[in-house]
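Dock chain B against chain A, hints included.
Take a look at the letters that make up each chain.
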Amino acid sequence: EPEVTQTPSHQVTQMGQEVILRCVPISNHLYFYWYRQILGQKVEFLVSFYNNEISEKSEIFDDQFSVERPDGSNFTLKIRSTKLEDSAMYFCASKDRGNSPLHFGNGTRLTVT
Amino acid sequence: AQKITQTQPGMFVQEKEAVTLDCTYDTSDQSYGLFWYKQPSSGEMIFLIYQGSYDEQNATEGRYSLNFQKARKSANLVISASQLGDSAMYFCAMRGPKSGYALNFGKGTSLLVTP
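Protein chains in written order, with the working numbering: chain A, 1 to 113; chain B, 1 to 115.
Bear in mind the hints are in silico, worked out from the structure with no lab data behind them. Worth double-checking, as some hints may not be accurate.
[Unchecked claim] Computed list of lysine-lysine pairs in PhoX-like fashion (alpha-carbon distance at most 25 angstroms, straight line):
| id | chain 1 | residue 1 | chain 2 | residue 2 |
| --- | --- | --- | --- | --- |
| 1 | B | Lys107 | A | Lys57 |
| 2 | A | Lys57 | B | Lys3 |
| 3 | A | Lys42 | A | Lys78 |
In this text, all values refer to a predicted model and were calculated from it rather than measured experimentally.
If we strip away everything but chain A, and leave its shape as in the complex, we get:
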């Protein structure tokens, strides 16, 4: 069964550094998402991307965050200058059209020191 792939599984970075989290969504999916989950807390929506542009974003997704789909397969989340509070599990997800569910990757655990 096709799946969403995220790399790396764990990334450690120093405060103030830029990080790029990478995702390969399911190939025929149309909608792409980033979510984050701070340890022990709920899964929070960051951004959705459709037709090569952001379709929705949350208050968390401020100017420090950006997303890109540089080619036909990858979907990236960039954090320009990481803060300690950015430490979380970041999930990429994709979906087909209509009422289909979101399919999540296994996540990237980001630790900012």
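Only chain B this time, still in chain A's reference frame:
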């Protein structure tokens, strides 16, 4: 704005018993979708079941069923014949009609299945 509420932070159930995980929601949208996801200790998010706001029948997927009561704005997950492997966090989520189809999640319920 949408709101998802899961009032049970933790639940215990004995193996082979059924368990109900509660989820209530609040929305002014007429068209919406309700989802349940399972998150085992390994961390991945696994889709379990979906209910559309216009669906007249309660959704079922194997041992999972969704008790959808639209007037009460509740969408409880029922797991029948619990198995040890069902021990996990369970998240209720809602999709609104906005173009991005993003899901908003509740805080989750931790389920522990005991032998």
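Query raised in the report: Quick one, are lysine 42 (chain A) and lysine 78 (chain A) close enough, alpha carbons at most 25 angstroms?
Result: holds (21 angstroms)
Query - Agreement of lysine 57 (chain A) and lysine 3 (chain B) with the hint, judged by alpha carbon distance not exceeding 25 angstroms - result: holds (17 angstroms)
Query raised in the report: Given the proposed pairing of lysine 107 (chain B) with lysine 57 (chain A), does the C-alpha separation stay at or below 25 angstroms?
Result: With a Cα-Cα distance of about 20 angstroms, the restraint between lysine 107 (chain B) and lysine 57 (chain A) holds, given a limit of 25 angstroms.
Violated hints are absent here; each numbered hint is respected by the structure.
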